[in-house]
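Chemist: First to last, the protein sequences are chains X, C and G.
Going by numbering that gives the first Met the number 0, the residue at position 139 of the first sequence is 138; the numbering climbs one at a time, nothing skipped.
Going by numbering that gives the first Met the number 0, the residue at position 336 of the second sequence is 335; the numbering climbs one at a time, nothing skipped.
Going by numbering that gives the first Met the number 0, the residue at position 494 of the third sequence is 493; the numbering climbs one at a time, nothing skipped.
The set of hints was computed from the structure by calculation and includes no laboratory data.
We put the beta carbon where it would ideally sit given N, CA and C, even for glycine.
You can take every hint at face value.
Partial pick of chain X residues on the chain C-facing surface, computed with a CB cut under 10 Å: (1) 143; (2) 147; (3) 164; (4) 166; (5) 169; (6) 171; (7) 189; (8) 193; (9) 194; (10) 195; (11) 196; (12) 197; (13) 199; (14) 202; (15) 221; (16) 255.
In silico lysine-lysine, DSBU-like type, Cα no more than 35 Å apart, as pairs: (17) C/251 x X/50; (18) C/308 x C/210; (19) G/42 x X/256; (20) X/103 x C/251; (21) C/38 x G/42; (22) X/256 x C/50; (23) X/51 x C/251; (24) G/37 x C/50; (25) G/441 x X/256; (26) G/37 x X/256; (27) G/450 x C/38; (28) C/50 x G/42; (29) G/146 x X/256; (30) C/50 x G/21; (31) C/38 x G/146; (32) X/256 x C/38; (33) G/37 x C/38; (34) G/450 x X/256.
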Amino acid sequence: MKALAARRHHRFAPAVLLLLALLVTGGVYAALAPSPASADTASTADIETGKKLFQANCATCHGANAEGSPGVPSLVGVGAAAVDFQVSSGRMPMQMSGPQAISKPRQMDEEQTAALAAYVSSLGAGPAIPTDAQVDPADGDIANGMALFRTNCAMCHNAVGAGGALSEGKFAPALWETTPRNIYQAMLTGPQSMPVFNDANVTPEEKQDIIAFLVDQREGSAGGNALGGLGPVSEGLWGWAVGMGVLIGAAVWIGAKSS
Amino acid sequence: MSENKNTPAGTSHEVTATERNTDVVHAERFTDPGLHPHKLRLADTDPQAAKRTERIVTLLFVLSVLGTIGTLVAYVAVPPEGPTSSVRLSTLLLGLGLAVSLLGIGIAGIHWAKTLMSDHEMVQERHPMRSSDETRDGAVADLNVGIAESGIGRRGLLKGAFISALALFPLTIAVPLIGSVGGDWNISKFKHTLWKTGMRLAIDPSGRLIKAADVTVGSVFHVIPDVTQEYRESHEWITEKSKAVVLLVRLKPEDITSEQGEGWSYDGIIAFSKICTHVGCPVALYEQQTHHLLCPCHQSTFDVANGAKVVFGPANRPLPQLPITVDDEGYLVAQDDFAEPIGPSYWERLK
Amino acid sequence: MSTTASNQHREAPAKPTTPAGKAADYLDQRTSIGVLVKEFARKVFPDHWSFMLGEIALFSFVVLLISGVFLTMFFEPSMALTHYEGQHPANMHGQLMSVAFASTLEMSFEVRGGLLMRQIHHWSALIFMAAIVTHMMRIFFTGAFRKPRELNWLVGMTMLILGLAAGFSGYSLPDDVLSGNGLRITDGVIKSIPVIGSYTSYLVFGGEFPGAHIVPRLFTIHILIVPGLLLALIALHLFLMVLNKHTQYPGGGRTDDNVVGFPALPVYVAKMTGNFFIIFGVLALMGATMAINNVWNYGPFDPSPVSAGAQPDWYMLFLEGSLRLMPGQGTEWVIAGFTLPLNILVPAMVVPGLLFTFLFVYPFVEAKVRGDEREHHVLDRPRNVPTRTALGVAFLTAFIILALAGSNDLIATHFHLSINSITWVFRVLIFVGPVFAFWVTKRVCLGLQRKDRELVLHGHESGRIVRFANGEYIEVHRPLDEQERWLRVNYHAYEPLRIEPKSDARGVKRKGYGADRRWQRLSRFFFEDRVEPVTPAELAAAHAHGEHDELAPAEHPAIGAGVGAGHGTTQGH
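Chain X on its own, in the form it takes in the complex:
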């Protein structure tokens, strides 16, 4: 108690309190807020801005009313989560066509993304953007996340999320830097080649477990440098380069005549 009393006067105390309050509010909100279809939480002004942004940046491919075109998916009913995933990870707007859209520095800020998401979800109900509490790795069960990840995800994304190849130049990206929110949204919406993992397949709690597992992997390996986490091929390459390199160097030194 004494310690607690002492800490109450700490200069960071107000900040910590504020943070706690925010978290609690967020948590309560997350618990109470209706999760599907976020259209009703967005203001009409947002939708208007979003529409303008859409016309300027997206309509060339996706069509004036987001109805899609040959080779380009319709966005009616994809939901705010899909928009937020694609735009905040920089995949959309797409720079050039290729086997798949590539993640790059985002081109629209948080506000613009929200407006776009509001517009697209006003076209048809779809998965909503998860709340911060839903994607908080601290609340996930790492061990269960591991069990789920290796059954559902590791075949494409590699055992620790280092990424892997798909057919015809497509690939499953590495997940080292993907934000928890984007991980959640990717599972929920199944962008591009990735299948959908809806809440019946992988429940929201399980999704959070997977996030916890992936974030835990970012601590690196207990054994030292993880060598990219790519498995035996990279181990073999490093073994030859470093091990055989140094040992043959040593052999040359041993065999050389001293001056």
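Given chain X's structure and the hints, the job is docking chains C and G onto it.
Modeler: Relative to the frame of chain X, chains C and G by itself:
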């Protein structure tokens, strides 16, 4: 040109180059110039340098001792507490100590050998591997005497019995071993899995049951048969699961161009064995846009929309389809076991 | 009997006084170890860095034994199922796993230095195989497998295969998903064998895959059978090495009748011991800083999961690549109702079969087409045997292409390529690559030999241009010294075999002519293209007429008189 006796003996002296009509008489081959003259090292001529080298070598040995001490200190002071970073630190410190301890000795020893030990090359003679004719004759004679004394050449019956006994005795070990080493040797098990009529589909690894409505278009479910939690913690289960795992996807019904049996899918929900028909890896990379299923081990690619036919890679046969339907409560169930053995091909597969 | 008796009656030798002397006396009276010491203490070994590649293999094997003993203290080879109670690693807590896997986790996270030893062990295994391969390359390219060392080559080859077995069995022990899928692939390959495949699978796994027996069985193979055989063969390998005496590189004073180098004691003992500590030290550094096979990333074996980048350790990658390259369509044959999966048999049995057969028989084939039966102790410079060198490079090219094909998914992600295109490229390259490599290498070797001739005949270019009074410019060439020249002329360019005619003088057809003819054809393939070493006559001729054309006949020794085979020779260019 030092004339030593190191002429390349045994080499054939035939010169194969075009014959030359030379006025000057030359040897057909060059002669061996003999060993390089020995060069003195710095430490051989300069006592100062030798002294310096000695100090370096000593220092390296001392460094090794320090490395050993460092390892012991790290062992006591930095125990691995469990978390990744702690185990990493402990591993790093113990390993660095060990490495310094070893490399100190190694580098010191070699530096010593190279700079302070004699570097005069020595020449020793080789002798042909072949033993002399005398030795050979002696050996043959000894062998013949031995064989003659055993009398094996004369006593035919004894010889036969001797050889039979030697040839047969390994059976006393081999028969019991082979009898049991392969379990029950019942290879017909390859043809059956846990799936049977009415067996419900469950999610791997949680074991939750799946309703048709849960499987939305573009979804992929990793599926196991619905068995008890207790059974799922047994060895038998791991072996059965190796054959029974299934991948369940839902396509728009109009996207399905063919399947392996009439009515084997349910409203666009379609299930295939997850075990590759190539060498048995779990085929699990489902690309929802192309409906292609890719094996991460050898890249066999199957088209789910077209009866899981092979579109690329080393597999030859489609993945067997699991016929499914829904039961009264709306849960997905198997209509029956697979119609053919799952997994890689084997000799008796079609028998 | 009588000799020992008389020994005792001889004059008593002087009694040793020092403790070491007493111990030596004690030992020698019982073992005559003095003979052995006399034989070996000052035995000469040639010195060259490439002779230490075998030492890397030997000493990483010693490190494997040391770290392996450490690991066996904590590893439990049991497939009994258990829930992991440990808190770390966090992703494994409470998971169902085999005792083998759980004990691997415990030794990594709870035993101090346990993870270090595991990593040292695994790195040593990779380096062991890498050193064996590099050592073999040295042996192959320098022709060290020639008589009398063909048998030792076979011993080495057997050890290579045992090394693969050791690696594979050890890799599978922790019972994790990655190695489990490796076992599953092995099972698929075993099942594909005609007639006995299914039963062999049962034999290996004690029933259906994976069963409950494979880990203990692999454990026995890994820690008893394979290392036991390896130790015995290493002893044989070294015994033969000592018996045959080590080969030496060509150079002045080095012949097939002598061995030039440094004495075992002290130089070799010091260098070998030092090398052992350096190798162990480097492996310790690798184990300390570079993570390897962190099995908790893959989790305990479960037949359902698989991870991207599912590959074996590097020395098995060629098999993986071979499996990946084989097209599957139409390659599974059904004959009388029995299935013959060529899409597995060809890449997993035929391809490695060809590769290993090549290595096993090569020394014997080469001896036959060379047609000589003498002992060879001076090594070849690779350029001087162009066809062998080219075959070796072609072999390595095939091996590397297969290994790259086994890594095609990582190549795809790292270079943003299509995995399908890469596979197709490799499907073509596996046929074209080795042939191309053969051709290029052979040309390079012949070119280098010609360059050697050029150097011997005309000397080094000095870069110094001199103008004669008559206005002619020449570059001054500095002739090679004796040692330089000897290195370039001291080899034998073999010719294709000559065989007896088809029929003898009376027109009777000779038996065995067909076989001889085939060997001759093979011999032509080896030795048709060759560059002969410079003879003293050619050198004198080249010096004599002072022209740049080395092939000019030597009929004009008078031209440029006064310029002998000595120093300061000049040639016009």
